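2 protein chains.
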Amino acid sequence: MTNRRSSTSAAGKTAVPASPWRASHERRRDRELKRDAVIRAAALEFNRKGYHNTSLDDIAARLEVTKPTVYYYVTSKEQLLFECFVAGVERIRSACREVRRLELPGRERLNAVLRQYGEAVASEFGWCMVRAEQDDLSPAMSRHVKALKSEIDQSIRRLIREGIADGSIHPCDPKMTAFALAGALNWIAHWYREDQSMSGAQIAEAFVAVFEAGLRPRADGAVEATPRRRSRRTAPALAR
Amino acid sequence: MTNRRSSTSAAGKTAVPASPWRASHERRRDRELKRDAVIRAAALEFNRKGYHNTSLDDIAARLEVTKPTVYYYVTSKEQLLFECFVAGVERIRSACREVRRLELPGRERLNAVLRQYGEAVASEFGWCMVRAEQDDLSPAMSRHVKALKSEIDQSIRRLIREGIADGSIHPCDPKMTAFALAGALNWIAHWYREDQSMSGAQIAEAFVAVFEAGLRPRADGAVEATPRRRSRRTAPALAR
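Going down the list, the protein sequences come from chains P and F.
Sequential numbering from 1 applies to the first sequence in our numbering.
Sequential numbering from 1 applies to the second sequence in our numbering.
One or more of the hints may lead you astray.
When chains are identical, the list treats them as one kind, so a pair holds in a single copy or across two.
[What the hints assert, rightly or not] Using 25 Å as the maximum straight-line C-alpha spacing, the simulated SDA-like pairs for lysine to any residue come out as follows:
| id | residue 1 | residue 2 |
| --- | --- | --- |
| 1 | Lys175 | Arg161 |
| 2 | Lys49 | Pro17 |
| 3 | Lys175 | Thr66 |
| 4 | Lys149 | Val70 |
| 5 | Lys175 | Glu124 |
| 6 | Lys77 | Pro17 |
| 7 | Lys175 | Ala23 |
| 8 | Lys49 | Leu102 |
| 9 | Lys49 | Ser142 |
| 10 | Lys175 | Arg62 |
| 11 | Lys146 | Gly50 |
| 12 | Lys49 | Pro20 |
| 13 | Lys77 | Trp21 |
| 14 | Lys49 | Ser19 |
| 15 | Lys149 | Asp173 |
| 16 | Lys149 | Arg35 |
| 17 | Lys49 | Asp195 |
| 18 | Lys49 | Ser199 |
| 19 | Lys175 | Leu102 |
| 20 | Lys77 | Arg115 |
| 21 | Lys175 | Arg193 |
| 22 | Lys175 | Tyr72 |
| 23 | Lys149 | Arg27 |
| 24 | Lys49 | Glu26 |
No lab work stands behind these hints, which were simulated from the structure alone.
No experiment lies behind these values; they were computed from the predicted model shown.
Given only the sequences and the hints, what does the whole structure look like? Please build it.
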């Protein structure tokens, strides 16, 4: 008797013999899932205790595994911080890539990115995204973090410039405006841990509403116009 | 012979004998100046090396004094972080107090506070203002920091509510709007150290411009209206 036996499919064809070892793609997938769980546990512990006050033991304890198990997936605490950063910004980078394919005015593409940005910062990785600092990382990781931050900053500036060019964004300083928008969103990580009365998506939506129309009173909820013509005519009210 | 002698004023009246010891108010003033210099030096070192990587030796070295001299003015590194925080927020608190006396629409009073806020965050204390964290401070200091942050947050929300009430701010969620505005300003501390191409005042002004009018195109540079009447009439363009 053996556990290994040939299985026969419903169609009657003889299949390959089943192995007690999982297929290599399954093992890879399993390893990825466990690595993701380690990174997520690290993010949650960093959120709870701060980076400097969190040990690999804390992270192992949250996962109910030993510290060597954690070391099987990452080489150091700083790598965990780095991976948490990457997990958070990946959502924004993917939004930046996706909106490039959309045939929409610049402002709407920008808003789509800002919504994903807000949700990423409100996620468990938000704190690491905005707190992964030069001093806490190896020089190589630090350079990588800087490059990713700069890439996102440049994408937002580009969307602002495109919005100005297509008339969907009022002429402004793209650099300062990008800093103001990203700053407001990044800051969510500082207060969201203590005040989760709204979901990440709701916060992102509320922020986009503020960014879109500003504080000034509007005649009819919102005013649309073609800035390059500088006409004084106002367009019909937009719902918001 | 003695160095102590009575001096006679030009008017011929006999003055009090001069003392080689400075008057107590002068000593107090001197001590305050030196304490301020210690706090400022700490802020500059924290900016340069990060809080955790800065030692009291670094701060003493910057001032060209010994570590015991630094300890004469503050009891610990955490107290220095706390004092840097207080030095920064004091500027915002004082702006909040001052605008209460002004007979101006809510939005203009809010803008005045936001300008001071931006300048404070772009100052040498900005990094400590936004980075003074629970974990780095004693429980008492941490409670104090929290109370001051909450006071400023509440002042900004109040100004937004007042602006909505007097028609100078479009109806919005005061809490989310206050978070967005303060977040954008707080974030200045994260990028200003590396990019000082504009002054703190210029950045604050650029941010207020974004907050005021938002991204949407405007018919004529800006649109003013009384939101409660919801008329579709636009007011004359405002200079900006």
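Q | Within, between, both or neither, where Lys175 and Arg62 count as close if Cα-Cα is 25 Å or less | A | Neither: 41 Å inside a chain and 34 Å across chains, both beyond 25 Å.
Q: Pop the pair Lys175 and Thr66 into one bin, within, between, both or neither, using alpha-carbon distances up to 25 Å.
A: neither (47 Å within a copy, 43 Å between copies)
Q: At 25 Å max between alpha carbons, let me know whether Lys149 reaches Val70 within a copy, between copies, both or neither.
A: Neither: 27 Å inside a copy, 37 Å across copies.
(Q) At most 25 Å between alpha carbons: which applies to Lys77 and Pro17, within, between, both or neither? (A) neither (42 Å within a copy, 67 Å between copies)
Q: If the cutoff is 25 Å on CA atoms, where do Lys49 and Ser199 land: within, between, both or neither? Let me know, please.
A: Answer is within: at 22 Å inside a copy they meet the 25 Å cutoff, but 36 Å across does not.
(Q) As a check of your reading, is Lys146 near Gly50 (CA-CA no more than 25 Å) within one copy, between copies, both or neither? (A) For Lys146 and Gly50, both the intra-copy (21 Å) and inter-copy (17 Å) Cα distances are at most 25 Å.
Q | Intra/inter-copy verdict for Lys49 and Glu26 if alpha-carbon distance must be at most 25 Å | A | neither (34 Å within a copy, 45 Å between copies)
Q: Please work out whether the CA atoms of Lys77 and Trp21 approach to 25 Å or closer within one copy, between two copies, in both situations, or in neither?
A: Close neither inside one copy (32 Å) nor across copies (56 Å); limit 25 Å.
Q) Can you tell me if Lys49 and Asp195 fall within 25 Å by alpha carbon in one copy, between copies, both or neither? A) Close inside one copy (17 Å), not across copies (31 Å); limit 25 Å.
**Q.** Within, between, both or neither: Lys175, Arg161 at alpha-carbon 25 Å
**A.** Only inside one copy: Lys175 and Arg161 sit 10 Å apart there, 30 Å across copies, limit 25 Å.
Q | Within, between, both or neither, where Lys175 and Glu124 count as close if Cα-Cα is 25 Å or less | A | Classified as between; 22 Å across copies, 28 Å inside a copy.
Q: Using 25 Å as the alpha carbon limit, work out where Lys49 and Pro17 are close: within a copy, between copies, both or neither.
A: neither (50 Å within a copy, 61 Å between copies)
Hints 2, 3, 4, 6, 7, 8, 10, 12, 13, 14, 20, 22, 23 and 24, counting from the list given before, are not met by this structure.
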